[in-house]
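Let the hints inform the model, and build the full structure from the sequences given.
These protein sequence lines map, in sequence, to chains A and B. Just so you know, we're using full-length UniProt numbering here: the first sequence kicks off at 1 and counts up by one. Just so you know, we're using full-length UniProt numbering here: the second sequence kicks off at 1 and counts up by one.
Just so you know, these hints were derived from the structure itself, not from any lab. Hints may contain errors.
Here are the simulated DSSO-like pairs of lysine-lysine, each with C-alpha atoms no more than 30 Å apart in a straight line [stated by the list, open to error]: (1) B:Lys-301 <-> A:Lys-171; (2) A:Lys-3 <-> A:Lys-68; (3) B:Lys-30 <-> B:Lys-250; (4) A:Lys-84 <-> A:Lys-95; (5) A:Lys-95 <-> B:Lys-229; (6) B:Lys-229 <-> B:Lys-246; (7) A:Lys-7 <-> A:Lys-84; (8) B:Lys-250 <-> B:Lys-229; (9) A:Lys-3 <-> B:Lys-47; (10) A:Lys-122 <-> B:Lys-229; (11) B:Lys-243 <-> B:Lys-227; (12) A:Lys-84 <-> A:Lys-72; (13) B:Lys-45 <-> A:Lys-122; (14) A:Lys-7 <-> B:Lys-227; (15) A:Lys-95 <-> A:Lys-59.
Remember, it's a predicted structure, so these values are computed and weren't measured experimentally.
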Amino acid sequence: MVKYIGKRIVYMFITLFLIATVSFFLMQSLPGSPIASYSKLNETQRAIVEKKYGIDKPKPVQYAIYMKNLAKGDLGTSFAFKGKSVNDLLASRIKPSLILGAQAMVFGTLVGILLGMLAALKQNTFWDYGSTFFAILGISIPSFVFASLLQYWIASQWHLLPVGLWNDGWKSSVLPSLALAMGPLALSARFIRTEMIEVLSSDYITLAKAKGANGFEIAFKHAFRNALIPLITVLGPLAAGLVTGSLVVEQIFAIPGIGEQFVSSIMVNDHATIMGTTLLFSAFLIFIIFIVDILYGVIDPRIRLSGGKG
Amino acid sequence: MRNEFEHEQLPQEEFERITIDSDQAERIEKPSLSFWQDAWLRLRKNKAAVVSVVVLLLFLILALIGPHLNGHAGDAQNLRHANLPPKIPGIEKMGIFDGVGNLAGKKVDLYEMKKVDEYYWFGTDGLGRDLFTRLWLGTQVSLFIAFVAAAIDMVIGVAYGGISGYYGGRTDDIMQRIVEILIGIPTLVVVILMIMIMDPGIMAIIIAISITGWIGMSRIVRAQTLKYKSQEFVLASRTLGSKDGKIITKHLLPNMLGIIIINTMFTIPNAIFFEAFLSFIGIGLQAPDASLGTLINDGYKVMEHQPYMLLFPALVISILMIAFNLIGDGLRDALDPKMKD
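What follows is the structure, given as structure tokens:
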């Protein structure tokens with residue numbers, strides 16, 4: 001186990017190192033320069049600006065400097081935001097993203113689990129078909145379509161909640177969280193339904209019934225707990241979906257979060273910020289997958305870690 | 001009581017003696033079904049999948065002929081006809097799709113006001129382009145990207161996974177180490193980075209989507225290859241002198257075909273989503289090309305005043321995604337022998 005964790009940690013760092021390297025050189029080959037907006041500058045001024053941001057040196061030197069700073073946790077200086085450090089920039093924007101992500105995750109999985117259980121316990125009834133249909137909708141409809149429709153009807157037609165921005169307390173977070181929650185909701189509903197149906201047909205459930213346990217007890221105490229374990233495996237895809245979703249949903253609702261930052265940095269060719277955000281997203285997702293693999297091995301010893309999913 | 005009595009009264013000549021034909025005793029009444037016939041029967045019983053196939057075929061046909069249906073070209077701009085709401089002949093009398101839109105908070109028949117005689121079934125955009133034509137042109141592009149990306153994923157994934165699993169040993173070791181590193185890189189990040197360094201366009205999107213898309217397929221194919229290559233029928237074939245190529249094409253691939261099809265079926269909606277996603281955040285297709293993503297993006301910008309511009313493409317993409325997912329589900333249930341009842 002310790003050996004496995006050690007190996008995985010080494011892999012995580014290799015992956016991050018590769019992402020950093022590849023994205024650094026991809027950034028360099030991008031069409032358009034980060035200082036394109038300084039085109040009015042003359043040669044001397046341009047040289048001063050380039051020196052200030054360290055882009056006057058040869059590429060390999062820039063790379064070495066970037067990697068050295070990265071090892072210390074320094075993501076460099078933003079080109080677009082008047083010399084602000086990328087670390088500060090991201091730190092100031094992480095809170096809304098975290099709040100939305102957490103709310104979407106908690107709300108989505110809870111409701112999803114309930115729907116999935118309902119569907120499994122009342123198999124082949126109206127409830128089953130209803131929640132299965134709902135889950136298919138949640139999986140199929142892209143988050144940005146759902147987000148724009150929510151914004152159109154609930155915010156701009158019925159004026160129930162703010163159209164966007166992050167200045168109205170919890171009210172601002174309701175619609176974006178809902179839009180983000182659709183994915184986790186649908187995924188966990190489907191997953192729990194399949195697992196519950198499988199568990200409900202197993203011998204120990206028959207035994208519990210024979211013993212005289214009532215339906216509620218069987219559903220929650222016996223079936224649900226065993227159906228819940230495999231849900232951990234979808235945590236990885238869920239987190240990836242949330243990050244993807246946050247890019248568009250934050251843009252739609254004008255939330256000052258990491259996703260919105262990423263998209264706007266791409267638009268202005270702000271290399272340092274794009275790289276910083278890329279690394280932050282990657283680190284987050286790699287870490288989640290790592291945790292999932294470890295947790296899975298701990299919870300279910302039947303899983304052979306050596307063959308664990310990467 | 002009375003009935004039983006009647007039976008006893010049946011006349012002798014009503015009965016006929018039969019001879020037992022030993023040839024017929026072993027006859028099988030129902031023709032035995034091949035795996036694919038069996039799967040087809042199961043798929044046909046799945047109502048959701050059948051409806052989805054019909055809807056999908058309808059959309060495919062519309063995507064092909066839709067742009068030519070109403071005589072408006074997709075890139076023809078006519079500023080005099082800009083921002084017209086939908087108007088469909090026949091249905092207009094029912095009070096919907098009658099060309100009535102909002103103008104400064106009042107309901108006005110914009111067609112009458114602008115003296116437009118033509119019908120724009122799904123309305124026009126800010127440049128006066130016909131949205132019905134553009135919608136199906138966009139669907140065409142989105143589907144094209146999705147199909148090509150899924151095909152590339154399938155070819156690379158099957159080849160990579162097959163080679164890795166079949167040859168095993170050192171080859172497998174090296175190939176799997178590479179996959180282990182690649183799989184750690186979030187798809188989204190790779191796709192966005194790739195798309196940024198390439199010239200925007202259909203090819204760039206396809207390459208960006210396929211660059212990591214094949215990994216899932218390769219892992220599944222590798223696992224399947226490992227499972228089958230150690231089974232007796234492969235050993236038997238090898239003993240009879242079959243070459244690797246024949247074993248792969250005759251024995252391994254036919255067995256894996258089901259799972260490959262299922263996986264490809266789920267790659268398609270994924271590719272549709274990624275294309276739309278990229279176009280929506282503004283780094284996908286560039287104007288004047290249209291895809292479902294760019295149409296949704298255009299519609300989103302003006303949804304306050306011309307909600308129909310968002311609604312139609314949003315509906316089409318949602319229905320397409322639902323149909324593909326339902327067909328994928330249906331195929332999985334039909335082809336996966338574990339679910340066999």
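Restraint status (C-alpha distance of Lys-7 of chain A to Lys-84 of chain A at most 30 Å): 37 Å, violated
30 Å limit on alpha-carbon distance, applied to hinted pair Lys-84 of chain A and Lys-95 of chain A: 18 Å, holds
Distance restraint between Lys-243 of chain B and Lys-227 of chain B, which requires alpha-carbon spacing of 30 Å or less: Distance of about 19 Å is within 30 Å: holds.
Distance restraint between Lys-301 of chain B and Lys-171 of chain A, which requires alpha-carbon spacing of 30 Å or less: 23 Å, holds
Distance restraint between Lys-122 of chain A and Lys-229 of chain B, which requires alpha-carbon spacing of 30 Å or less: With a Cα-Cα distance of about 42 Å, the restraint between Lys-122 of chain A and Lys-229 of chain B is violated, given a limit of 30 Å.
Given hint Lys-246 of chain B paired with Lys-229 of chain B - CA-CA distance at most 30 Å: Holds - the C-alpha atoms of Lys-246 of chain B and Lys-229 of chain B are around 13 Å apart, at most 30 Å.
Given pair status - Lys-68 of chain A, Lys-3 of chain A, alpha carbons within 30 Å: 28 Å, holds
Pairwise hint evaluation, Lys-59 of chain A against Lys-95 of chain A, where the allowed Cα distance is 30 Å at most: 34 Å, violated
30 Å Cα cutoff - pair Lys-84 of chain A, Lys-72 of chain A: Answer holds: Lys-84 of chain A to Lys-72 of chain A is near 18 Å, not above 30 Å.
Distance restraint between Lys-3 of chain A and Lys-47 of chain B, which requires alpha-carbon spacing of 30 Å or less: Violated - the C-alpha atoms of Lys-47 of chain B and Lys-3 of chain A are around 50 Å apart, more than 30 Å.
Satisfaction of hint between Lys-227 of chain B and Lys-7 of chain A, Cα-Cα up to 30 Å: 26 Å, holds
Straight-line alpha-carbon gap Lys-95 of chain A to Lys-229 of chain B, limit 30 Å: Measuring from Cα to Cα gives roughly 52 Å; hence the hint is violated.
Checked against the numbered hints above, the structure breaks hints 5, 7, 9, 10 and 15 and satisfies the rest.
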